[in-house]
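Trainee: Those sequence lines, one after another, are chains A, B, C and D.
UniProt numbering applies: residue 1 is where the first sequence begins, and numbers increase by one.
UniProt numbering applies: residue 1 is where the second sequence begins, and numbers increase by one.
UniProt numbering applies: residue 1 is where the third sequence begins, and numbers increase by one.
UniProt numbering applies: residue 1 is where the fourth sequence begins, and numbers increase by one.
There are no misleading hints in this set.
Because identical chains cannot be distinguished in the list, a pair is counted as satisfied if it fits within a single copy or across any two copies.
Taking lysine-lysine pairs in the BS3-like style, the calculated list, with each CA pair at most 30 angstroms apart, reads:
(1) Lys404 <-> Lys367
(2) Lys70 <-> Lys367
(3) Lys397 <-> Lys70
(4) Lys414 <-> Lys42
(5) Lys54 <-> Lys70
(6) Lys135 <-> Lys346
(7) Lys336 <-> Lys70
(8) Lys397 <-> Lys422
(9) Lys397 <-> Lys414
(10) Lys414 <-> Lys70
Note that these hints are calculated values from the structure, not bench results.
Number of protein chains: 4
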Amino acid sequence: MIPRYSRPEMTAIWSPETKFRIWFEIEAHATTALAELGVVPKEAAAIVWEKGSKAVFDVARIDEIEREVKHDVIAFLTHLAEIVGPEARFVHQGMTSSDVLDTCFNVQLVRATDLLLADMDGLLAAIRRRAFEHKMTPTIGRSHGIHAEPVTFGLKLAQAYAEFDRCRERLVNARREIATCAISGAVGTFANIDPRVEEYIAEKLGLAVEPVSTQVIPRDRHAMYFATLGVVASSIERLATEVRHLQRSEVYEAEEFFSEGQKGSSAMPHKRNPVLTENLTGLARMVRAYAMPAMENVALWHERDISHSSVERMIGPDATVTLDFALARLTGVVDKLLVYPENMQKNLDRLGGLVHSQRVLLALTQKGVSREDAYRLVQRNAMPVWRGEGDFLSLLKADPEVNKHLSDAELEEKFDLGYHLKHVDTIFRRVFGEA
Amino acid sequence: MIPRYSRPEMTAIWSPETKFRIWFEIEAHATTALAELGVVPKEAAAIVWEKGSKAVFDVARIDEIEREVKHDVIAFLTHLAEIVGPEARFVHQGMTSSDVLDTCFNVQLVRATDLLLADMDGLLAAIRRRAFEHKMTPTIGRSHGIHAEPVTFGLKLAQAYAEFDRCRERLVNARREIATCAISGAVGTFANIDPRVEEYIAEKLGLAVEPVSTQVIPRDRHAMYFATLGVVASSIERLATEVRHLQRSEVYEAEEFFSEGQKGSSAMPHKRNPVLTENLTGLARMVRAYAMPAMENVALWHERDISHSSVERMIGPDATVTLDFALARLTGVVDKLLVYPENMQKNLDRLGGLVHSQRVLLALTQKGVSREDAYRLVQRNAMPVWRGEGDFLSLLKADPEVNKHLSDAELEEKFDLGYHLKHVDTIFRRVFGEA
Amino acid sequence: MIPRYSRPEMTAIWSPETKFRIWFEIEAHATTALAELGVVPKEAAAIVWEKGSKAVFDVARIDEIEREVKHDVIAFLTHLAEIVGPEARFVHQGMTSSDVLDTCFNVQLVRATDLLLADMDGLLAAIRRRAFEHKMTPTIGRSHGIHAEPVTFGLKLAQAYAEFDRCRERLVNARREIATCAISGAVGTFANIDPRVEEYIAEKLGLAVEPVSTQVIPRDRHAMYFATLGVVASSIERLATEVRHLQRSEVYEAEEFFSEGQKGSSAMPHKRNPVLTENLTGLARMVRAYAMPAMENVALWHERDISHSSVERMIGPDATVTLDFALARLTGVVDKLLVYPENMQKNLDRLGGLVHSQRVLLALTQKGVSREDAYRLVQRNAMPVWRGEGDFLSLLKADPEVNKHLSDAELEEKFDLGYHLKHVDTIFRRVFGEA
Amino acid sequence: MIPRYSRPEMTAIWSPETKFRIWFEIEAHATTALAELGVVPKEAAAIVWEKGSKAVFDVARIDEIEREVKHDVIAFLTHLAEIVGPEARFVHQGMTSSDVLDTCFNVQLVRATDLLLADMDGLLAAIRRRAFEHKMTPTIGRSHGIHAEPVTFGLKLAQAYAEFDRCRERLVNARREIATCAISGAVGTFANIDPRVEEYIAEKLGLAVEPVSTQVIPRDRHAMYFATLGVVASSIERLATEVRHLQRSEVYEAEEFFSEGQKGSSAMPHKRNPVLTENLTGLARMVRAYAMPAMENVALWHERDISHSSVERMIGPDATVTLDFALARLTGVVDKLLVYPENMQKNLDRLGGLVHSQRVLLALTQKGVSREDAYRLVQRNAMPVWRGEGDFLSLLKADPEVNKHLSDAELEEKFDLGYHLKHVDTIFRRVFGEA
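The shape of chain A in the complex, shown without the other chains (with noise of 0.2 angstroms):
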């Protein structure tokens, strides 16, 4: 997580004060729930709410003390002491500091993830309008890299769509995967804390009550939420990857939008480079790579040891700012993205007729010829217009063993364009809803 690649929105989640300011509520609440019990007074946990609520939480303080105890969340409780006063001492009843700890990270990261997921609602709205927009503008489909037979540019986009459509969904299990709460002290059994505090703060922060903990929530939830992330990225290099070829200068199909008095290049001032997507590509690397940590980090020593929470100190921001800006740059890209119908037109002609070959193929087998005589016959008179040896519709006719079966008005019916796109709308219909 570098400035460069920061929202402030996202960021903000992971600020120490957003932080103390957590792990304040969930003190306060217990304070609350065990006054509830009769395990403290009342008055104490209205002290605490009153005076922690108006408290600004000093983070230099907090460091200050944490450099001698060594202990982070003691550190805070001592400052909250400092802040609260003698009824400090009914605060933190009964909990150890994962309790606090691990419910904070998941209000973080359940709170990350409705970031994610308006990112995505956002996207999606950009795919789906420049989908429709280009419903039926017609490209060339490739596989390998190699032109393949038409489609159009918003089936592109619809493919796109229904991939972070699935993406989203993915969030959203992720996100139920670490939206549970632990408040069960030092190793899970409860012994010092009643489990109604517990139900008591799931339910006043959102949360599942987290149904075996061990001191702390167990990680193979935070294993899932981190590979869903590496997943989501993976999406985002790959539609990043189609812009990038798209906007290359042999292809030239669409372009990242290139502002008024930005420079490509500090040498050669003609380059208009999409610099937005090759970023994406390597920002998606980046959230691929923090899964591999999360999934280390499943197997604590016995109840639990401490080595998760470095890698989790470093991921929990790291991951979801990265993601959070890298969907919103995506966005912009979509967004924004110069759409040239004429090159797509111009590239689709480029190999002569080359890419209706399988419908020729099919006719010929309709015709009675075998499959392997007729895919003999088409690669023979396609393999010629590659080495720019003339064009494919003229040598198919010219072919007597391909006219034996197909006059050249069969021929050229084959040659048409819309045929290829007469199924656009039931493709729209499957991902959008409607066509």
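On the provided structure of chain A, position chains B, C and D as indicated by the hints.
Mentor: For chains B, C and D alone, kept in the frame of chain A given last:
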């Protein structure tokens, strides 16, 4: 995937024979659907089914053809034509290889997942049985490898149960991710094949229709699938690590079953090593590693490139076979685990009551001592115990600042084991639905 | 490792037969060394060598024994005793299984690396040949996929050569990392075996003595080894990606050799796809992935645990066999690559001279224009060219602010291709030692 | 990279101020070299050095310009022009941004590596000191977490020393990988800049000339660099894991230093946890993870794309800062480690002599018993000891089949600790060059 870590049922899913059989079924179903739509003769479909169903596909022959045409599906179709005769020309009409390959791969993954789900059910049953067996077997809970407070061995297993229960649900989600079918032609436009063929085949194979494909089924699905397997593997590592720790010579609270005739070491006849769980730790590393190339597979170029294929030919079998083996091995470990409650009790007693330090701390705060002072008082009586300089309870009783607030009887009451186990039923009910 | 992506010589290194033969040699050398030290009878060593050298180790029989004793080395030793007779009791004296296993694994890795080095030599030779062939074949250099300035195709290959030359050196380093031998007994103390036995075997096997082992050879060595293979694979991916780009329909400057009878697509007979380099891209992902578990293997517990073993049983063959195959495949691709200089020239000309923008920029600054103003002047004449609104040179000539500083002749001189190729010799000399 | 796990000297290398200073030096050296070649006026070079050396580059101002031009090097050059005045137009002549960026990145990596090497020297010195201190402190060697045979604590540290000594050499190799300089212009052809400029700058900066660059320095170098850091991190994890194991309550042979005022747990005042080494375990996971995107960075498109840049902006600092912190923290852990020889002895004695089983086995074979029979005899006397059913030596003495071959005195002699330590000197000499 190596024989040593493979089980036959899963391995069979990935055999060439199985693959060609599924290919055949996809092609034959497609021919039937095309016949119903009037595109090919109904008799042709009947002959394809009749001859193909009886045939044993000759893997060596198919390989031989592939060496010439350098295309696996074409090789298969050529061989199929040798079996079916002239009607073979109605097979694969309007389809592209990936229609067959991708749908087949998903069928294989679905079958593999069904085995994994069955494995998981077996594992869950074993854990549940042992959890109830040891529901109230006291043992020390450890954080950081250091004695913390008492738990029960059943609670450890309840945590494992809850974790694998989540993994089961993740596998169900992962299965849904990849249970799709695409029969959409060269670039997914259905140019030469009616979408109803896809619907027909999907239904026959128990799959969902892929809403939009681009020759290939999008690989974000598979990335999510293999990432999920990586998370499941990480949970296996967690339980395996627990067993390894429990079997350590100094801990020796549990032990992998050691059979008659088994030898632990070629050099040291006294050895009984947790080799199965160490093995599982390594296998988990492998399954986890496969998530990374699966994610890199997502960003195929344009409508598709074939870089994902070599990856999937390897990780398809490697990840599912290894995970299947690991789940079965772990089930055996849990099922036959030797548990030593007396050693657990011995370890519980080892630190001379230090594990009750929190209760003394809380008791002091209840008496009006500030949290900070109480912590200091308890800690100063705990540290000598680590140095072997006395017994915790006696030291506390002898500390004038402590006994100003807590009588000997009050102190003794804090050293009660039962206190820690009062909520075991609550947790079991949460996890197992009963206690 | 699957047959499709395997070559026999490398696969043979990982066969059970090879493994048992190496095990035998280690044991037999040890017996000889022990005999020379007077620990075992000289005749015993002679008999071991004599009977063992002639024997064919029966893999099925060894597997059968292992099923009972659950220990592979003991199973082998038992089988060896069946072959050698009573003198077998002098075998493995004071050794531990890992002495055999780890030394054998390193012997296998050394042999594998020798094959990889031979592969690399073949690849370097092929690249070198094609680099000199196309040393002065002009082609456009592209940054960000956008035309930048002219290079030659030979320069592209010179870069690849330099990169694989570095990879070769890395392989040499990696070989040295794992070319060690440990015969140090149960925990590496030489308690029951004289260190001179280790020295003797090391010398016989062409290995270095492991300075300190702890039953096992430390796994940081293997982590470094497999990480290095991952880097080599990444370089393969780079060159493969270059070919894939060059073969794109719109670029079409080079192409994988397409054999007679080959079929590019089951549906579209016109297709010629870069399937070999796409395949290499996928294989690179796999080899890279194996680096991660190799690194996780380093932190074995105490003197050793066996979690590394399952990983290595898989990645040992998987990584080396796949990389061997990939290097050989890439060599074939380079060797037979179809290169189209005319298409390169056509692409060079495609942007109407835009690629000379930097030279105009520099010429303007030489005439006293500030860098910022020069940039603006050149950029404003370049951008219309992207929009298809004119020819760069003409636009420049017509710009009064430009021709205030540069005459038409001066401008024309900036559009000279040869200008860019004047240092090709320098670079070739740096890379190849000659030009 | 977060402040909690950062040290100032390493962090400073990655500050914008350092970066701009290096950029300036590269540009200024280039201007000098160009002046010597007569391309630009000597006075211009002098003025650039004079004004630039005194200037403090205004990061905020550069950021402001970048927001407009969207290009970081152009923004810097514009700011430099504000400082230098009209002579600034002679700066960056014939260069491209990557000449500056890549050379600067490598300078930063070289400096970072020099810090890492100094860290490593500190770590090696600490390990060496403690190794000699405990050269003959007996302790149990453990394989699989199970007692094997005696070693010394010094031997454990000797192994760590040898491992980090290898890591040091790997860092030296990694430094050489990235210690290169490229000043070769827009696509690496030196079209607009004489290769002698590159040679001049390389010499001034203590770098080697990059033999062939393509606008960028090839990223296989950086992949190797970051992979190496990942291996070093894995070795850190190994030693950290050893300490964590030794500190376990049941083992308690060593312990991280625990300072006055430190608190191990907010809830349990008795706790002393190995939090530093657990923390190192997590940090190792992070550094290892960064190797993966670094490898994915290798396959840039054609002469370059910029996808590597976002990755490197993150992992450049993240990996080096984290590793620097981790090495320093580990050095502190080793330096101040509390070692408990009495507890080591207690653990050595714990299994009642079982650890001598191999010697009895070997003694029996020396007496003519077959290896298989000897194994069986020893194992049947060892297994009851695990079950707490007697003492190993007594059981052996009472076994008629054993004492047929070995007298009581002979058996007792096999239980001598000193026997295992006779080659400690040999190993120390191998590792440290002295004993």
